[in-house]
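What follows is the residue order along each chain.
Number of protein chains: 2
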Amino acid sequence: MTDRTGALIAIGGHEDKEGDRQILRAVAERLGGGRLILATVASEEPGEYFAAYRAAFAGIGVVDVAELYLDEREDTSNPANRSLLAGAAGIFFTGGDQLRIVSLMGDTPLEAEVRALHARGGVIAGTSAGASAQSETMLVRGSGAESHRIGDLHMAPGLGLIPDVIIDQHFAERGRIGRLLGAVAHNPRLLGIGIDEDSAIIVEDRRFRVIGAGAVTVVDAEKVSHSNIAEAKPDRVLSMHNVILHALSAGDQFDLEERLPLARAGEESAEGAQGAASS
Amino acid sequence: MTDRTGALIAIGGHEDKEGDRQILRAVAERLGGGRLILATVASEEPGEYFAAYRAAFAGIGVVDVAELYLDEREDTSNPANRSLLAGAAGIFFTGGDQLRIVSLMGDTPLEAEVRALHARGGVIAGTSAGASAQSETMLVRGSGAESHRIGDLHMAPGLGLIPDVIIDQHFAERGRIGRLLGAVAHNPRLLGIGIDEDSAIIVEDRRFRVIGAGAVTVVDAEKVSHSNIAEAKPDRVLSMHNVILHALSAGDQFDLEERLPLARAGEESAEGAQGAASS
Chain C
188 MTDRTGALIA IGGHEDKEGD RQILRAVAER LGGGRLILAT VASEEPGEYF
238 AAYRAAFAGI GVVDVAELYL DEREDTSNPA NRSLLAGAAG IFFTGGDQLR
288 IVSLMGDTPL EAEVRALHAR GGVIAGTSAG ASAQSETMLV RGSGAESHRI
338 GDLHMAPGLG LIPDVIIDQH FAERGRIGRL LGAVAHNPRL LGIGIDEDSA
388 IIVEDRRFRV IGAGAVTVVD AEKVSHSNIA EAKPDRVLSM HNVILHALSA
438 GDQFDLEERL PLARAGEESA EGAQGAASS
Chain G
188 MTDRTGALIA IGGHEDKEGD RQILRAVAER LGGGRLILAT VASEEPGEYF
238 AAYRAAFAGI GVVDVAELYL DEREDTSNPA NRSLLAGAAG IFFTGGDQLR
288 IVSLMGDTPL EAEVRALHAR GGVIAGTSAG ASAQSETMLV RGSGAESHRI
338 GDLHMAPGLG LIPDVIIDQH FAERGRIGRL LGAVAHNPRL LGIGIDEDSA
388 IIVEDRRFRV IGAGAVTVVD AEKVSHSNIA EAKPDRVLSM HNVILHALSA
438 GDQFDLEERL PLARAGEESA EGAQGAASS
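Note that the protein sequences, when read in sequence, are chains C and G.
For the first sequence, the residue numbers in our numbering are 188 to 466.
For the second sequence, the residue numbers in our numbering are 188 to 466.
I should point out that these hints are in silico values taken from the structure, not numbers from a laboratory.
Mixed in with the good hints, there may be bad ones.
Put simply, identical chains are the same to the list, so a pair is met inside one copy or across any two.
[To be verified] Below, in silico cross-link-like pairs of lysine to any residue (SDA-like), each with a Cα-Cα straight-line distance of 20 Å or less:
no., residue 1, residue 2
1, Lys-420, Ala-437
2, Lys-420, Gly-438
3, Lys-420, Arg-328
4, Lys-420, Gly-329
5, Lys-204, Ala-253
6, Lys-204, Val-252
7, Lys-204, Gly-234
8, Lys-204, Ser-230
9, Lys-410, Arg-446
Given the sequences, and given the hints that come with them, work out the whole structure.
Take a look at the structure:
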């Protein structure tokens with residue numbers, strides 16, 4: 188273990204488990220040979236999740252894995268579960284229902300163990316529901332493939348491992364820009380981060396980097412000049428002026444404090460190449 | 188007819204044809220009792236379109252309608268077609284393929300008649316393909332429900348009735364934010380306007396107003412600080428930093444010259460009401 192906080196890896200769901208497994212490799216390379224806990228807490232039928240991820244990680248050399256599952260909230264006091272995390276190098280939250288993760292683990296000794304793991308340099312990863320649960324506020328329910336209606340959104344507090352953000356997943360695939368705009372309209376203090384399938388952000392030191400096949404969309408409502416979110420007619424379509432949007436893809440980095448993308452490494456040479464190509 | 192340019196009405200498709208018909212009424216009330224031409228040019232099977240719109244308009248009192256259809260480009264020189272438009276108070280382009288509209292009508296005497304109709308105060312409306320065709324540049328093909336890949340987009344010149352914009356339709360329903368971002372990345376001079384189904388913009392004097400049940404999304408790439416659109420690897424996911432996005436809904440107005448939403452009428456009193464509600 189290092190003496191600095193570990194990485195948080197939030198994945199948009201459906202990450203590659205049979206090919207190159209780039210995203211799972213990003214988790215694996217941060218384990219330093221230590222044990223990975225597969226937390227299947229988000230699902231009421233965890234068996235298949237565990238089997239699939241055990242196989243996917245075994246294929247890239249991660250064989251020291253154990254499952255964390257919870258039936259009830261009282262299971263979080265179980266010393267066996269706590270010692271599982273105390274001896275781990277990382278934890279990976281599989282998909283399902285993000286409310287199951289936080290309603291079972293929120294404000295428990297087990298949640299404290301997750302924070303301790305992060306604080307001592309361990310990697311905390313999660314996909315789909317497991318990604319949403321990492322953010323300060325989670326989107327729990329809201330329609331996709333339509334523009335946002337004010338009443339059509341349910342949010343809940345997440346584990347808060349990544350403060351000041353709200354993460355949505357399966358983002359482009361399920362047409363979720365509307366609900367993420369609706370979410371940040373409620374309180375522009377939170378930055379909205381929409382992660383596509385087979386794509387992830389790796390958060391370290393209040394910066395993140397994008398990896399994977401799709402995009403990460405950031406919506407920032409800080410400069411919004413008008414919104415009708417407080418009008419309280421539930422079927423009213425959202426109106427919100429002057430949102431800043433960043434479309435990010437593999438290699439892009441983003442500063443969560445400044446709320447700005449970082450200049451891309453090698454951008455100058457890329458521009459040089461463009462100039463040459465178009466001349 | 189008035190002595191000022193008429194309205195352009197671009198509709199996102201699937202507008203209500205049986206209920207209140209708010210959008211079709213907006214067309215009807217601009218006819219001043221004159222004749223409406225139903226231009227079914229976008230479809231190779233125009234019969235059903237014509238029947239559906241004739242019935243929908245008849246139900247709101249518009250009975251003086253005629254069909255404009257073109258099999259071939261040479262039909263645009265047909266004096267009967269030209270006189271149809273010369274005597275009309277408005278034209279409504281139904282859905283289908285926007286390329287059919289512009290490839291048949293572009294740079295023809297009939298297109299000149301459409302412009303003349305607009306110039307003398309007539310209303311030019313279009314839904315779906317008929318909306319796209321009004322803009323300076325049309326999106327012709329590009330995937331929905333995924334983030335934009337640089338090579339996955341085809342554009343073509345539109346009729347240019349609304350300059351400096353690119354209009355997309357069925358916007359939220361088909362998850363088209365990615366392809367619209369891709370389109371404006373090519374040249375930020377064009378403002379991207381995504382119109383949901385059963386929603387429309389009414390353009391008058393370089394301003395538009397939103398009507399209908401859904402939203403209109405405006406994406407403005409003028410302030411973009413980085414984009415990889417010119418990298419020319421077709422499967423590369425788009426990266427574009429600092430896009431401005433406006434989510435607009437019924438009643439919102441937008442200034443196409445300033446590229447800014449206009450302050451909402453009654454906003455002050457609405458804010459007063461919010462203050463009261465939350466106190």
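What are the numbers of the hints the structure violates, in ascending order? none
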